[in-house]
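Asker: One-letter residues, chain by chain:
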Amino acid sequence: MALLVLALAAHATGAAGEERTPLPMIERAAKGKQCVGEQEFMRRNHMELLKHQREDTVRQGVRGAAFSLKACVECHAGRDSGSVARAPTDFCVSCHSYAAVKIDCFECHASQPPSKSTAFHPLVPSAPGGAGVIRLAGLVRQVGREGAAR
Amino acid sequence: MQDRSARTFWLASAGAGALAAAGAAASHYMESHGHIVTGMGNEIVWGLPHVFAIFMIVAASGVLNVASVGSVFGQAPYKQRARLSGLLSLALLGGGLMVLMLDLGRPERVLVAATQYNFRSVFAWNVFLYSGMAAIVVVYLWTMLQPGLVRWSQPAGLAALVWRFVLTTGTGSIFGFVVARPAYQSALLAPLFILLSLAWGLAVFIVAQKSLYGRRELPWSSELRSRMARLLGIFVAASLYLVAVLHITGLYEARRGAFEAFLLLGQGGGARFAWMFWLGYVVIGSLLPMLLVFHPRLGRERCVLGAAVLVVLGAFAWLFAFIIGGQAFPLEIFSGYAVSSSFGDGLVASYAPSVPEWTLGLGGVGTAVLVVLVGARLFDMAPHDPA
Amino acid sequence: MNGRRKALALGVAGLAGIVIAPGVRLIEVAQAASQAGGGAGANPRVRWGMLIDTTRCKPDCDACVRACRSENGLAPSPKPTDAQWMRKVEIREIRTGRSASVPVMCQHCAMPPCVDVCPTGASFKRTDGIVLVDRHRCIGCRYCMMACPYKARSFVHEPLEGQQADVPRGKGCVEGCTMCVHRLDAGQKLTACAQACAQAGHNAIVFGDLNDPHSEIAWRVRELASRQLRQDLGLDTSVRYHGI
Chain F
1 MALLVLALAA HATGAAGEER TPLPMIERAA KGKQCVGEQE FMRRNHMELL KHQREDTVRQ
61 GVRGAAFSLK ACVECHAGRD SGSVARAPTD FCVSCHSYAA VKIDCFECHA SQPPSKSTAF
121 HPLVPSAPGG AGVIRLAGLV RQVGREGAAR
Chain P
151 MQDRSARTFW LASAGAGALA AAGAAASHYM ESHGHIVTGM GNEIVWGLPH VFAIFMIVAA
211 SGVLNVASVG SVFGQAPYKQ RARLSGLLSL ALLGGGLMVL MLDLGRPERV LVAATQYNFR
271 SVFAWNVFLY SGMAAIVVVY LWTMLQPGLV RWSQPAGLAA LVWRFVLTTG TGSIFGFVVA
331 RPAYQSALLA PLFILLSLAW GLAVFIVAQK SLYGRRELPW SSELRSRMAR LLGIFVAASL
391 YLVAVLHITG LYEARRGAFE AFLLLGQGGG ARFAWMFWLG YVVIGSLLPM LLVFHPRLGR
451 ERCVLGAAVL VVLGAFAWLF AFIIGGQAFP LEIFSGYAVS SSFGDGLVAS YAPSVPEWTL
511 GLGGVGTAVL VVLVGARLFD MAPHDPA
Chain L
538 MNGRRKALAL GVAGLAGIVI APGVRLIEVA QAASQAGGGA GANPRVRWGM LIDTTRCKPD
598 CDACVRACRS ENGLAPSPKP TDAQWMRKVE IREIRTGRSA SVPVMCQHCA MPPCVDVCPT
658 GASFKRTDGI VLVDRHRCIG CRYCMMACPY KARSFVHEPL EGQQADVPRG KGCVEGCTMC
718 VHRLDAGQKL TACAQACAQA GHNAIVFGDL NDPHSEIAWR VRELASRQLR QDLGLDTSVR
778 YHGI
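Protein chains in written order, with our numbering: chain F, 1 to 150; chain P, 151 to 537; chain L, 538 to 781.
Simulated from the structure, these hints should not be mistaken for laboratory data. A few of these clues could be false.
[To be verified] Simulated restraints, written as ranges between beta carbons of each label pair:
#1 F:Arg44 x L:Leu552: 13 to 23 Å
#2 P:Leu261 x L:Arg757: 45 to 55 Å
#3 L:Ile564 x P:Val505: 47 to 57 Å
#4 P:Arg270 x F:Arg44: 30 to 40 Å
#5 L:Thr664 x P:Ala264: 19 to 29 Å
#6 F:Tyr98 x L:Gln768: 56 to 66 Å
All residues carry an ideal CB built from backbone N, CA and C; glycine is no exception.
Generate coordinates for the entire structure from the input sequences, incorporating the hints supplied.
Answerer: Okay, here's the thing in structure tokens:
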């Protein structure tokens with residue numbers, strides 16, 4: 001009990017003085033008006049949302065849903081680095097290094113939004129009259145509307 | 151005497167511990183840099199670490215046979231050796247599984263492997279079989295070490311016997327269920343692995359018993375020694391028999407002809423696997439030990455340790471030819487055609503084990519040795535044969 | 538109740554609260570997730586397949602392979618440890634000397650050995666027949682690479698950077714041809730390789746829905762003699778070949 005009190009006291013005094021760990025720099029998202037969810041809700045639950053969404057996307061092929069990681073990256077990529085995980089001040093990395101929770105998402109996932117909308121790489125010329133291509137900017141607008149309606 | 155044995159213990163444990171630590175370090179190196187630091191590629195996907203791991207896992211199952219002969223079949227001198235056998239089983243299982251899990255592409259995901267299962271996969275069954283084996287052996291050891299529980303050691307021994315047969319069948323089936331490759335796809339592999347486990351396990355037991363208790367003046371009657379030697383010879387002969395049947399049958403299949411020539415004759419780039427198979431496994435690992443233990447004047451019980459060491463060497467040679475040779479032989483997607491591509495089609499894959507792989511494999515051995523040393527020091531594992 | 542029992546009851550109630558509280562939040566999360574929307578997903582009535590006419594395939598052309606590499610972010614000039622999801626195999630029958638050029642990739646079997654052997658279920662077959670690797674579950678054991686008769690899968694041997702946004706791939710996992718699943722789910726009708734082959738003027742690769750009797754591929758496999766690779770294994774592959 002005494003140890004617990006001591007630990008808490010030490011933490012309190014530490015917080016009052018200068019920070020040992022720099023607080024996360026949460027850059028405002030470059031695109032879109034609003035996130036897909038409330039800030040506090042997203043902060044607590046984004047990992048659960050992503051975990052459920054990835055099952056739907058990978059196993060069922062559901063794409064373009066509100067909680068798609070690609071859509072997150074599209075909005076939250078830093079202005080300078082163009083990424084959510086490159087620089088220490090980038091959106092995902094800054095909070096996660098503060099919270100000391102290692103994420104391995106970006107070992108596989110691109111941390112930068114695609115340089116152009118989803119289409120074949122220039123080496124693969126697109127066929128005339130090809131099927132409609134998802135415009136990511138359009139998706140962001142749609143998500144923004146949903147978020148505003150909530 | 152006590153001081154010297156204590157010093158030997160600490161020295162040996164330090165050495166084994168250092169080896170285990172080096173293995174862990176090698177695994178960390180492989181994990182952070184990726185498998186590009188190893189000799190493995192897209193053709194040889196299971197390399198030297200798998201050779202070490204599978205040897206240890208198969209031997210872990212077989213070494214328990216000494217205890218089974220004691221507990222289940224009631225042979226008194228084997229009963230005395232049951233505790234050491236159980237300890238060796240746990241140690242080898244631990245060492246082998248450590249190497250296997252640390253060689254994964256994503257070792258940090260063992261939790262995923264422990265929670266998400268595809269029950270059509272023999273690997274998924276193995277997660278239960280191996281962990282269950284460890285639990286059963288712990289219980290079995292407990293029944294033998296706790297004074298009041300000795301009457302439970304027979305049912306525990308029976309459970310261990312049945313479990314390890316299922317487990318070793320599963321280990322052989324890892325390869326037996328692979329229909330794609332001519333080296334594997336055979337139902338014979340399951341019983342072959344059981345026989346190999348009996349041979350390799352007994353060999354490891356003999357080496358361990360001699361290393362731990364060889365200097366003491368413990369009676370190991372020459373009668374017991376000759377029985378164990380003969381048993382080793384029988385297991386080695388039986389395994390050799392199944393290997394022979396496997397390959398002779400393969401020779402009768404025209405579609406397998408190229409692979410059998412590759413492995414048995416070294417044709418088409420299989421020279422080193424043929425050497426491993428014939429010199430390593432057949433001569434050094436099977437015929438020579440059999441000669442040592444069966445020849446009336448040459449060896450018998452005096453050379454049982456030598457025979458055991460040769461069997462272990464032969465095991466590694468066979469596993470190398472089996473696991474790596476089986477992968478090196480190119481997949482025949484277009485039978486009757488000569489093929490070439492940017493992805494190694496038609497080519498015999500080359501493989502040279504790297505330092506991290508050697509270190510990881512030996513690290514597993516070090517872990518097993520450490521567990522045995524500590525276990526033998528904490529508990530009375532010595533066989534107390536009646537005078 | 539004496540003091541100790543009261544304290545115990547309080548402790549149990551507190552523990553129960555701590556255990557249940559996250560669940561209450563997760564209900565909130567689940568409700569949010571269920572409103573997340575998104576596309577319809579894989580259609581179980583569809584079976585995506587390919588017909589490769591090797592008589593139209595030129596030995597010195599690798600448009601399909603280059604398209605696959607650039608579409609999926611693979612190395613353009615792969616070294617031996619790099620992933621190759623498809624490759625051109627030049628074959629020559631030993632007895633007759635007849636040669637052909639064959640693009641080989643994951644055959645997307647209906648009875649895939651790789652799915653059978655995967656311990657975590659990372660290697661799986663989608664309802665529309667595409668065989669994929671769920672890299673969230675892959676532990677990198679490489680058993681599927683042992684089991685595949687076509688050498689379709691590759692292992693990622695080193696840390697990767699600059700992945701395509703639609704094609705996440707990373708170190709320590711196994712991967713293979715996905716039939717450009719990210720494009721199919723977005724409503725595109727062709728894989729990169731089929732597109733590139735058509736653009737190169739050879740039209741050797743026909744891609745489409747094998748279950749749709751009116752699709753071009755269904756019509757062609759009815760007209761043209763085709764076979765599966767390693768047909769003896771009985772895997773019922775989605776990729777069929779004409780001319781070999």
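Asker: A separate judgement is required for each hint: does it hold in the structure or not?
Answerer: Comparing the hints with the structure gives:
no., hint, in the structure
1, F:Arg44 x L:Leu552: 13 to 23 Å, "holds (21 Å)"
2, P:Leu261 x L:Arg757: 45 to 55 Å, "holds (47 Å)"
3, L:Ile564 x P:Val505: 47 to 57 Å, "holds (52 Å)"
4, P:Arg270 x F:Arg44: 30 to 40 Å, "holds (38 Å)"
5, L:Thr664 x P:Ala264: 19 to 29 Å, "holds (27 Å)"
6, F:Tyr98 x L:Gln768: 56 to 66 Å, "holds (58 Å)"
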